[in-house]
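J.: Below, each chain spelled out in residue letters.
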Amino acid sequence: MAESGGVKMQVENVSVYYGEQVALRNVSLPIVANEILTVFGPAGGGKTSLLRTLNRLNDLNPLARVTGDVFLEGESIYSPGYPVIDLRRRVGMVFDLPVALPMSIFDNVAYGPRLMGVRDRRRLEETVERALRTAAMWDEVKDRLSTSGLGLSGGQQQRLSIARVLALQPEVILLDEPTSGLDPISTAKIEESLRELKRFYTIVISPHNVQQAARIADRAAFFLMGELVEFGTETEVFTRPRDKRTEDYITGRFG
Amino acid sequence: MNKKLRVSQTEVAERAITRGLALIAFSSLSVLALITVFILREGLPVMLNLGIGEFLTGGRWAPSANAFGIMPMILGSVYVTLGALVLGVPLGLSCAVFLVELAPRSVAAALRPAIQLLAGIPSVIYGFWGLTTLVPFIRNTLGGPGLSILAGAIILGIMILPTVIAISEDALRALPRSYKEASFSLGASHWQTIWRVLLPAARSGIVAAVVLGMGRAVGETMAVIMVLGNAVQIPDSILDPARTLTTNIGIEMAYASGDHRAALFATGIVLFLIIMILTGTANLITSRR
Numbered sequence: 093m094a095e096s097g098g099v100k101m102q103v104e105n106v107s108v109y110y111g112e113q114v115a116l117r118n119v120s121l122p123i124v125a126n127e128i129l130t131v132f133g134p135a136g137g138g139k140t141s142l143l144r145t146l147n148r149l150n151d152l153n154p155l156a157r158v159t160g161d162v163f164l165e166g167e168s169i170y171s172p173g174y175p176v177i178d179l180r181r182r183v184g185m186v187f188d189l190p191v192a193l194p195m196s197i198f199d200n201v202a203y204g205p206r207l208m209g210v211r212d213r214r215r216l217e218e219t220v221e222r223a224l225r226t227a228a229m230w231d232e233v234k235d236r237l238s239t240s241g242l243g244l245s246g247g248q249q250q251r252l253s254i255a256r257v258l259a260l261q262p263e264v265i266l267l268d269e270p271t272s273g274l275d276p277i278s279t280a281k282i283e284e285s286l287r288e289l290k291r292f293y294t295i296v297i298s299p300h301n302v303q304q305a306a307r308i309a310d311r312a313a314f315f316l317m318g319e320l321v322e323f324g325t326e327t328e329v330f331t332r333p334r335d336k337r338t339e340d341y342i343t344g345r346f347g
Numbered sequence: 003m004n005k006k007l008r009v010s011q012t013e014v015a016e017r018a019i020t021r022g023l024a025l026i027a028f029s030s031l032s033v034l035a036l037i038t039v040f041i042l043r044e045g046l047p048v049m050l051n052l053g054i055g056e057f058l059t060g061g062r063w064a065p066s067a068n069a070f071g072i073m074p075m076i077l078g079s080v081y082v083t084l085g086a087l088v089l090g091v092p093l094g095l096s097c098a099v100f101l102v103e104l105a106p107r108s109v110a111a112a113l114r115p116a117i118q119l120l121a122g123i124p125s126v127i128y129g130f131w132g133l134t135t136l137v138p139f140i141r142n143t144l145g146g147p148g149l150s151i152l153a154g155a156i157i158l159g160i161m162i163l164p165t166v167i168a169i170s171e172d173a174l175r176a177l178p179r180s181y182k183e184a185s186f187s188l189g190a191s192h193w194q195t196i197w198r199v200l201l202p203a204a205r206s207g208i209v210a211a212v213v214l215g216m217g218r219a220v221g222e223t224m225a226v227i228m229v230l231g232n233a234v235q236i237p238d239s240i241l242d243p244a245r246t247l248t249t250n251i252g253i254e255m256a257y258a259s260g261d262h263r264a265a266l267f268a269t270g271i272v273l274f275l276i277i278m279i280l281t282g283t284a285n286l287i288t289s290r291r
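The listed protein sequences derive, respectively, from chains A and B. Using the numbering used here, the first residue of the first sequence is number 93, and each one after it goes up by one. Using the numbering used here, the first residue of the second sequence is number 3, and each one after it goes up by one.
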């Protein structure tokens with residue numbers, strides 16, 4: 093485990109192409125352990141591409157091509173033979189649209205641990221409870237763990253997705269606009285749990301608006317049309333941005 | 003004024019076309035109704051005369067002696083159909099999974115029309131192939147007459163493949179991409195994702211595929227006549243010949259008369275009910291999705 097304040101992941105000269113289209117252009121930035129990095133900017137800026145590069149989910153898209161390199165604790169995750177399945181356990185991902193897998197709430201959360209070979213019922217129960225508590229939804233669902241995850245509300249499904257990732261005890265959690273489809277109350281609940289979570293995890297989140305980015309960020313990266321325009325601490329980026337475009341965006345002049 | 007007139011003309015045409023199409027649609031339904039009435043009228047009296055229980059459970063079919071029990075045929079249909087499912091469903095499902103999840107685009111593009119072609123081969127050709135190749139093969143390697151439940155099950159297993167593949171492929175393809183991504187991002191391998199998420203999620207569509215494949219197997223006649231041996235007996239082994247409900251009608255209708263003919267219609271009623279139940283079940287499953 094990287095120390096608090098140490099570099100957990102390092103992005104080096106990463107470009108992402110989808111066919112002929114450039115989604116991300118030569119991006120380098122560090123991801124600091126036990127911090128929340130917010131990756132923000134207008135749609136099509138390359139935020140999702142960056143997140144999908146960090147756990148190699150782009151591998152699933154036959155059109156996607158990634159150049160450059162990403163290091164997890166100093167080790168290149170794009171080196172040949174790197175254990176991708178292991179990587180995805182260490183670097184978990186929560187998507188913009190809540191995804192409850194078509195199975196019970198319990199099985200949703202136990203899915204990852206079971207894949208890792210955990211069979212012991214009591215251990216699974218403990219893991220599920222801990223994950224659901226951390227995602228701030230244990231009290232809501234503890235009496236209906238065996239009902240289908242599809243019956244939950246959008247906000248609950250999203251927290252279920254977070255719990256599912258937490259159950260894997262990853263090191264880094266990627267969240268791609270996790271609150272984009274949610275009401276303000278659910279959003280607040282999720283933001284609150286993120287602030288709790290960073291004590292144990294490193295978090296990279298693409299927030300769904302600037303206000304959210306400013307609220308939860310320790311560090312922030314502003315992306316515009318595939319380019320990393322500005323990167324720095326929350327204060328640096330949101331109160332005295334160096335680049336005119338960043339300032340225009342956060343003051344709402346465009347976007 | 004002129005404009006208004008034109009609008010109402012369009013409306014009249016519109017209404018006429020709607021009515022016309024509705025009439026045509028309902029006429030196909032009326033064909034179904036006519037067939038139902040017809041086979042019920044022809045077959046029901048003899049069924050009631052003999053007693054429905056006697057007709058369904060009787061083990062002896064001897065038209066010359068006025069003995070009409072269709073138990074051997076019911077069992078023949080059940081055995082051959084189950085055999086076809088045992089062979090065809092795993093094969094078809096694997097094929098669908100391969101097409102949707104694993105095959106490179108070019109391979110899938112080549113495979114899919116080939117499978118559709120499988121559905122277009124006339125059943126008599128399947129029967130012909132079975133008779134000249136499969137039946138001697140079974141006779142020489144496994145013994146028995148060759149004309150057997152096993153031969154019928156293999157032929158039908160192949161014949162239901164296009165149905166099973168097409169419907170389960172649709173079911174798998176209809177799943178949201180997010181299931182797959184979520185599963186992968188939780189550290190699942192491709193196979194784990196298929197086995198633990200995709201197949202269970204597509205369950206209702208797959209069940210519908212099985213039920214419709216079953217319907218196809220129960221209803222098939224020509225290919226089965228040619229490879230099954232058609233003996234009226236309750237079979238002891240999959241190497242024994244047998245007769246199904248469909249082949250019973252197909253073989254004897256040409257020369258039957260009187261009660262014998264009516265009993266064949268009664269066989270048709272039973273077949274009709276089985277197919278209706280299967281199709282209804284499939285519809286129920288898919289609509290509940």
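Just so you know, the hints here were simulated from the structure itself, not pulled from any lab data. Just so we're clear, the structure is a prediction, and the values are computed from it rather than from any experiment. Be aware that one or more of the hints could be misleading.
[Stated by the list, open to error] Covered by chain B, according to a simulated footprint, are these stretches of chain A (three or more residues, beta-carbon under 8 Å):
| # | stretch |
| --- | --- |
| 1 | 119 to 128 |
| 2 | 142 to 156 |
| 3 | 176 to 188 |
| 4 | 333 to 341 |
Every residue gets a Cβ at the ideal spot worked out from N, C-alpha and C, and that includes glycine.
J.: Each hint: holds or not?
T.: Here's how the hints hold up against the structure:
Only residues whose beta carbon comes within less than 8 Å of a beta carbon in chain B count, and the stretch 119 to 128 of chain A has 0; fewer than three means the coverage is violated. Beta-carbon proximity to chain B at under 8 Å applies to 3 residues in the stretch 142 to 156 of chain A; the threshold of 3 is reached and the given coverage holds. Here's how the stretch 176 to 188 of chain A fares: 7 of its residues keep a CB closer than 8 Å to some CB of chain B, so the rule of at least three is met and the hint holds. Interface restraint, the stretch 333 to 341 of chain A with chain B: violated (0 residues with C-beta to C-beta distance below 8 Å; minimum three).
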